[in-house]
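Protein chains: 2
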Amino acid sequence: MNIYIIGAATTKFGELWGVSPRTLAHQAVSNALADADITTKEIEALFVGNMLSGMLGGQEHLGAFFAEELGITAPAFKVEGACASGGLALHNAVNSVLSGQYKTVVVLGVEKMTDHKPEDVATALMGAGSEGERLSGATFPGLYAIIARAHMEKYKTTERDLASVAVKNHYHASLNPNAQFHSPVTIEQVLKSSCVADPLKLLDCSPISDGAAAVIITSKPSTVNQKHVEIIASVAATDTLGLAQRGSLTELHATKEAGLGAFKKAGIKPSDIDVAEVHDCFTIAEILAMEDIGFYKKGEAASAITRGETMLGKSQHLVVNPSGGLKGCGHPVGATGVKQVVELFDQLLGRAQIRQVSHAKIGLAHNVGGSGATATVHILKTI
Amino acid sequence: MNIYIIGAATTKFGELWGVSPRTLAHQAVSNALADADITTKEIEALFVGNMLSGMLGGQEHLGAFFAEELGITAPAFKVEGACASGGLALHNAVNSVLSGQYKTVVVLGVEKMTDHKPEDVATALMGAGSEGERLSGATFPGLYAIIARAHMEKYKTTERDLASVAVKNHYHASLNPNAQFHSPVTIEQVLKSSCVADPLKLLDCSPISDGAAAVIITSKPSTVNQKHVEIIASVAATDTLGLAQRGSLTELHATKEAGLGAFKKAGIKPSDIDVAEVHDCFTIAEILAMEDIGFYKKGEAASAITRGETMLGKSQHLVVNPSGGLKGCGHPVGATGVKQVVELFDQLLGRAQIRQVSHAKIGLAHNVGGSGATATVHILKTI
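Chains as they are written, first to last, in this note's numbering: chain A, 1 to 383; chain B, 384 to 766.
Calculated from the structure, these hints are not laboratory results.
Hints may be right or wrong, so weigh each one.
Stated by the list, open to error - Here are the simulated BS3-like cross-link-like pairs (lysine-lysine), alpha carbons at most 27 Å apart as the crow flies:
no.: 1; chain 1: B; residue 1: Lys648; chain 2: A; residue 2: Lys103
no.: 2; chain 1: A; residue 1: Lys103; chain 2: B; residue 2: Lys486
no.: 3; chain 1: B; residue 1: Lys500; chain 2: A; residue 2: Lys117
no.: 4; chain 1: A; residue 1: Lys256; chain 2: B; residue 2: Lys639
no.: 5; chain 1: A; residue 1: Lys220; chain 2: B; residue 2: Lys648
no.: 6; chain 1: A; residue 1: Lys264; chain 2: B; residue 2: Lys603
no.: 7; chain 1: B; residue 1: Lys486; chain 2: A; residue 2: Lys264
no.: 8; chain 1: B; residue 1: Lys603; chain 2: A; residue 2: Lys103
no.: 9; chain 1: B; residue 1: Lys424; chain 2: A; residue 2: Lys265
no.: 10; chain 1: A; residue 1: Lys41; chain 2: B; residue 2: Lys639
The following block holds chain A by itself, in its conformation from the complex (with noise of 0.2 Å):
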């Protein structure tokens, strides 16, 4: 059986402080099903990556929440996997619809993390971490400052290597009308902003951020003319949740079995990838990601991002993070995920305006919980 993704939107990323999460889900569902010419009547079920909603705001139970919002009578589940959520959603929603217990689903991705104190949302953030990083007081520009730290004595990175990351996807976000950022930086703007978690700056962190996204999935899209992307590999795995259990602090081992696995489910290889959005949560988890997913051999991708090879305009071949990333775009955790496959199949469809890639024919979208404990890897082909 063959997946589709028929229809996909996203709200703007931001600090969307007169936006409720109703709102931010009704716009991205709304804009989606419109984007699929179909009504929530064909919907049979209903997928909802979140993390904070209960933490923060006290609500759970959010699949029949959204589902009242959205009018939508089917069933309804929410999938938490920390900043993994979406794409955990979305693996869960392509293994149900695979089973042929539901034809047509949405799934959504929604967070809203600006309503709340800083610290408050810094604490809720943590309960993606392991008890020990929690306890200790750990957060995680710390835990992805010691990741930072680690590649940079084993492969040399720089500080300005990362800030190659920042430059690269706040120029992407520039050109994106939904990203919370729109100023491109420079690299001396990034090294003076000031110090998080040594050796990342505010500028390596990817923001706080409210924000949605959907996408529409299923087996058999509604006439032979309606646009449609398909998912040709859906791959999720698990890693230890704490960092000091791991073998090694410069790789994300469940990044590289994701990729891995997809990479053999789609019977492709990275060299084949012409568009991704990976997992920039800090400009070091980009440098990681590119390398464990197998774009470069480890200790090669700082250099070459550097030299911007994976950006817009320069890329003779994959462009990286055109929507602006977790860092430019803005990282509503439960959404990102979503977002992700959201870019790429705009992309893949061709309409992605000013950022497009051309000739994308093939996507790959990585997402991260935590600081690497899951991760899912799904990747896209146009028809």
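Knowing the structure of chain A, use the given hints to seat chain B on it.
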């Protein structure tokens, strides 16, 4: 493709002050694996049903969290749908096996509630309700009291009828070594217990509990002789989150829909069921379930229960909640939907000891989230 349960286990349910969620999960899963006579190496995915860990304990990312504890390196997901989290986790697990993506998976339901102040637990549980209900200070006993009043007015259901459910389920629990309560209660004791939300008294309400339950499901038992039970239907349904938005207060539409769907899928009718575990979070909820699933016509379940028609030793056919139900066995919310299936597995294998339902061949599990916004029905059959 057929889906089989090959192993199942539950921890003791109760106020387990000295036991962590990790330990609970470990006990349930280890025993389920031993029951199936397999090791974690054969597990290809882990589905965790849990509602409150984030809100009460600050720990999310529970798929990876419990995978690490259990030594499972496979993809891991948390599925949440309030008190139906266990049923929804099982439903998604069934679909994922049907999809061919995974062959053998574990479904773990787990909840730790007694480490927290009761008022904090009550507040967190309202995360299952609508915003209107939450913000107006409603509680679940209060919401089910409204349902009970409406049912009493419409169908002449009495407080003694409600009490009969508690009497039956406490009697069943007294036969279950894993149950939270082991003392039978009388009608008079229920009626004289302190009022929680009129007409519901303390002994009309399920308790705050700790516990975990696990089932191993597979598309292919490893040997012909491996004990197994088939899941012949797995159906979920959704209704509005809030009571005020519903057409009726005396039935749960999601239960009706899930029940109808499950009977259709299984190709059987309610009278074919020998043993059922239904969602009796409050005594009125079992009466609703008996009617909405179709075991009795509307308005006829209460008197039938009062006559003992569904009680072990008295029933001529259908026995309901032989485990003691949520009322007597306990209600660690994320674990409940999985524990129901563990009980059915034991019953259908004829190993339920002194609470064995004679000639149990077909069983039904019914799990509800909130005041009825989510419902799942699973039907199991011996082979």
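Going down the list of hints, with the structure as the test:
For the hint linking B/Lys648 to A/Lys103, the alpha-carbon distance of about 16 Å falls within 27 Å, and the restraint holds. A distance of roughly 21 Å separates the Cα atoms of A/Lys103 and B/Lys486; the hinted pair therefore holds under the 27 Å criterion. Between B/Lys500 and A/Lys117 the CA atoms are separated by roughly 24 Å; this keeps the pair inside 27 Å, and the hint holds. Distance restraint check for A/Lys256 and B/Lys639: the Cα-Cα separation of roughly 45 Å exceeds the 27 Å cut-off, and the hinted pair is therefore not satisfied.
Taking the CA atoms of A/Lys220 and B/Lys648, the gap is near 22 Å; set against the 27 Å cutoff, the hint holds. A distance of roughly 24 Å separates the Cα atoms of A/Lys264 and B/Lys603; the hinted pair therefore holds under the 27 Å criterion. At most 27 Å may separate the alpha-carbon atoms for a hinted pair to count; B/Lys486 and A/Lys264 meet this at roughly 18 Å. Between B/Lys603 and A/Lys103 the CA atoms are separated by roughly 25 Å; this keeps the pair inside 27 Å, and the hint holds.
Between B/Lys424 and A/Lys265, the direct Cα distance comes to roughly 21 Å. Compliance with the 27 Å bound is thereby established for this hinted pair. The suggested pairing of A/Lys41 with B/Lys639 holds, with an alpha-carbon distance near 19 Å, which does not exceed 27 Å.
The structure does not agree with numbered hint 4 stated previously, though it agrees with all others.
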